[in-house]
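Q: Listed here are the chains, written in short residue letters.
Protein chains: 2
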Amino acid sequence: MYDFAAEPGNNELTVNEGEIITITNPDVGGGWLEGRNSKGERGLVPTDYVEILPSDGKDPFSCGNSVADQAFLDSLSASTAQANSSAANSNNQVSSGNDPWSAWSASKSGNWDSTDGWGAKPEGAAAQRNTSNNWDTAFGHPQAYQGPATGDDDEWDEDWDDPKSAAPYFKDSEAAEAGGAQRGNSRAGSSSMKLPLNKFPGFAKPGMEQYLLAKQLAKPKERIPIIVGDYGPMWVYPTSTFDCVVADPRKGSKMYGLKSYIEYQLTPTNTNRSVNHRYKHFDWLYERLLVKFGSAIPIPSLPDKQVTGRFEEEFIKMRMERLQAWMTRMCRHPVISESELFQQFLNFRDEKEWKSGKRKAEKDELVGVMIFSTMEPEAPDLDLIEIEQKCDAVGKFTKAMDDGVKELLTVGQEHWKRCTGPLPKEYQKIGKALQSLATVFSSSGYQGETDLNAAITEAGKTYEEIAGLVAEQPKKDLHFLMECNHEYKGFLGCFPDIIGAHKGAIEKVKESDKLVATSKITPQDKQNMVKRVGTMSYALQAEMNHFHSNRIYDYNSVIRLYLEQQVQFYETIAEKLRQALGRFPVM
Amino acid sequence: MYDFAAEPGNNELTVNEGEIITITNPDVGGGWLEGRNSKGERGLVPTDYVEILPSDGKDPFSCGNSVADQAFLDSLSASTAQANSSAANSNNQVSSGNDPWSAWSASKSGNWDSTDGWGAKPEGAAAQRNTSNNWDTAFGHPQAYQGPATGDDDEWDEDWDDPKSAAPYFKDSEAAEAGGAQRGNSRAGSSSMKLPLNKFPGFAKPGMEQYLLAKQLAKPKERIPIIVGDYGPMWVYPTSTFDCVVADPRKGSKMYGLKSYIEYQLTPTNTNRSVNHRYKHFDWLYERLLVKFGSAIPIPSLPDKQVTGRFEEEFIKMRMERLQAWMTRMCRHPVISESELFQQFLNFRDEKEWKSGKRKAEKDELVGVMIFSTMEPEAPDLDLIEIEQKCDAVGKFTKAMDDGVKELLTVGQEHWKRCTGPLPKEYQKIGKALQSLATVFSSSGYQGETDLNAAITEAGKTYEEIAGLVAEQPKKDLHFLMECNHEYKGFLGCFPDIIGAHKGAIEKVKESDKLVATSKITPQDKQNMVKRVGTMSYALQAEMNHFHSNRIYDYNSVIRLYLEQQVQFYETIAEKLRQALGRFPVM
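Each protein sequence line maps, in turn, to chains A and B. For the first sequence, UniProt numbering gives the first residue as 1, with consecutive numbering after it. For the second sequence, UniProt numbering gives the first residue as 1, with consecutive numbering after it.
Hints are computed from structural coordinates only; laboratory data are not their basis. All C-beta atoms, glycine included, are put in the ideal place defined by N, C-alpha and C. Don't take each hint at face value.
Facing chain A, a subset of chain B residues (Cβ under 10 Å, in silico) [what the hints assert, rightly or not]:
#	residue
1	Asp230
2	Tyr231
3	Thr410
4	Ala438
5	Thr439
6	Tyr446
7	Ala459
8	Asn485
9	Ser549
10	Arg551
11	Tyr562
12	Leu563
13	Tyr570
14	Ala574
In isolation and in its complexed conformation, chain A is listed as follows (with noise of 0.2 Å):
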């Protein structure tokens, strides 16, 4: 779609726009793919740049498929991509121009569709999340507003050394830009699930065929219990649980300080051995989480990583404790927190292990749907009816929740702003107000009302302390909602391609009896897919389960941290107000 310019010695590919280039490995991460022109070169491509066409060629990543499944995949697998000039749609091309599951899932999960926008195809929903459920777009947060979205974004500079690799973040940047302030979520709406359901169709789309008709799933190495305990199927939570602290932003640079980058320390409590990471290693950490585990554990975004020069403090402790939340949120859960790429985000131990297991995670054939593969439910197999039942429980809920969520953070948004905004002006002129007409008073030059009248500027006074305490209490505490809230949020925002990826695998299973009657595929194949679909749903109880323990304990934790500091709010009030009333003389 674009001109791209290889830099030299970096293993990248020149290719001109309207040029088409075969995709030899369509994710080599952090927004790159690597192909080869049609003088046979190879080299790395920003996935931005280019525009997947379909082919017949073969998914060079699909293995062990069946003959059905090969069938499903022989449209897609193996793109073609061209690089031509028409911009702006190369993903929802792909998504939904091109992928038959696009198509398929639209037609096939109509009941689900129905419910209501929320519910819609996953494709659809993903992007529909991108206008409509765009946290900041609705809601401003209290950082949000202290600097204006705007072009000058120190980030590219601090973050993004490599202007190639930023590419597809830049992209995402400039959408939400154009429908205001871009928060995390926007990037979870439009880039998280997308990523792996669009731009990487050799893993997440037809790795649903792949996982349900494999004839035999490689016993992986990495294996993710399920068992059922007291609420039902449950992740195995590790013995001893571990967070991760967040500190010292410090300014880094390179390039001859030509380039700047802010770099955190992370402090896991269970080694104590702290190791450095900049937003850009966050965000590859996010981006290889969601490929894997996305189709079963929904992964919050990032906070926006997008930063106004003139707030920068300010922001950058208010992004420290998104990251905070979000690294602690990832401590929390059984399988990221054990999972081997989550460890060696946290446990490396130099640059060169670092990068090793950086390639290896990125190397990583067990992502999408396929991660299923390692899971092994302790549990006798489900119906299909009772799958689906459980399925749709989890969608209702989780769209009533996100509706609830919604809900609270408009208001809470609303309020934030009176009591930032005209509230405490009002008690900062009803001050000014009752100081003036002190003032009038001391001047009548009648006797025996000095008492009067300083009371009265001190009453005065205590309203201007009042405006000062109303406009400083939403940080005390509506803030803690508003983040519990928004992360909730986030979480929600995933629910929809989980719940879309469960119910495309009932549907596959649905219509798995046409396939063995016309010999597509063999009975023992459909009862394969039934028990994996059963799978796929004690994943999704026992994720559940987390969740909504999780829930529980967020929420008690944040409702309580409000309610204390609103009465102590209230209190610290009314004993200033009792505190001027006493100053005024009896008469």
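Fit chain B to the known structure of chain A by using the hints.
A: Same frame as chain A, but now just chain B:
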């Protein structure tokens, strides 16, 4: 100006547009004057149906005038009224166009005028307040919100069974309605001080000459003593004070039920003997007090008598509350409360006694500035410089307080709106959002979150309760602060005219040297003038001392009350939130 058809048997005079009638008594009360037409027929005509024209005839009310005074008076007195068709400017034409006093005061009291618009020439100030000081245009009072100030004015039927006598108010009402909601103060501005100065030039304006230049003031039976106390000149306070309880508003009717009105029961605390009065009687009293004492004592206007049909009960309650405040204010004033006029209003025994008292009051000649002739300060004579300084100080203070009071009213109005509008709505939304979240949570099917969900529901209900508390609170505290300031705004609105009268008298004395030089007056005349301006100054100081001591008491009380209620309010909220917090499970 208008055709007016006399009702038979009512002592009324029929006049036609353009007809010239001679005024034989410019004020027989209730908005009527007595006139004689070209045929020699005499009778009553509504004041607003006629326009007063200059004439060379004698003012039947002027008496004991000096030569110089007579010259001033000649151009004014014995007005001839012409009923013509030029509407709208009936009053203003009299005051500014044909009244040499207005020109005089405009040119002579320049230094006072220049302070700012508030201190502009008295006549102008009155007109100006009508637009800029309209309390209710700026401050839609709580009660005023409860119904639009429509043309559907039940009050006309209620209190003004005689549509003709209602004419002057109707005009005011129309003017005020054009500018927004109407309330008492617009009347204070437009009609109150205008009435004696403009409508009865025979009284108020030439009264100054009459008062200052009379060879000898007739010792009036009614003496208003001024003594010098610890705080300076002061009225003499009666040994026993009383209040008057306004209660039990009842609907009465006359003309076979065609016209209805509200009657209030008034019970003075000293006699404990009740009398009934309709609003129009209050209005009559107000006008007479204004005519009689208005040059020396600020007479706050009555609460507006407009009422909308929809919220009649609320309105009647509100008006009664304000009538009560007004009566209490009058009872507190040593000069007003002891006056025959006021006593007669509270203590008449029957209809006959009331009517004769009414007639007597309306014939009272000790009105306007002549009220100063009843005052004999037991104090040394003042020199003109001191008098002028005192007057300026009062002007400066009342102007500054007027600003301060208006500021507080504006802020209070804004706060009222917020507290009764968007703020509780927001708390309600927070409450609803929490409750719907709890409802969603309850649908999770996850065990062991019943307590949490019950607690969140309760927290939500608490915020709904808080919404109610917030919305109701202004009635408990802000209301009284507003009422107090509203009342003081009414007082302060009277000062420009009072100060204007004083300034006028001072200027008169200043130019008296010329009159002495040209033998228009004797040196003794001038000495009398200084003494009499001194009396006015003592009266002003006495009134200001009364004003200040009331002000200190009132503001101390009302701000104390406000703070007490606010403390209670915030404590109640804190307590409610504490209870809500207590319901959350400890995890």
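Q: Compare the structure with each hint and give your call.
A: Each hint tested on the structure:
| no. | hint | result |
| --- | --- | --- |
| 1 | Asp230 | holds (8 Å) |
| 2 | Tyr231 | holds (6 Å) |
| 3 | Thr410 | holds (8 Å) |
| 4 | Ala438 | holds (9 Å) |
| 5 | Thr439 | holds (8 Å) |
| 6 | Tyr446 | holds (4 Å) |
| 7 | Ala459 | holds (6 Å) |
| 8 | Asn485 | holds (9 Å) |
| 9 | Ser549 | holds (8 Å) |
| 10 | Arg551 | holds (8 Å) |
| 11 | Tyr562 | holds (8 Å) |
| 12 | Leu563 | holds (4 Å) |
| 13 | Tyr570 | holds (4 Å) |
| 14 | Ala574 | holds (4 Å) |
When held up to the earlier numbered hints, the structure conflicts with none and fits them all.
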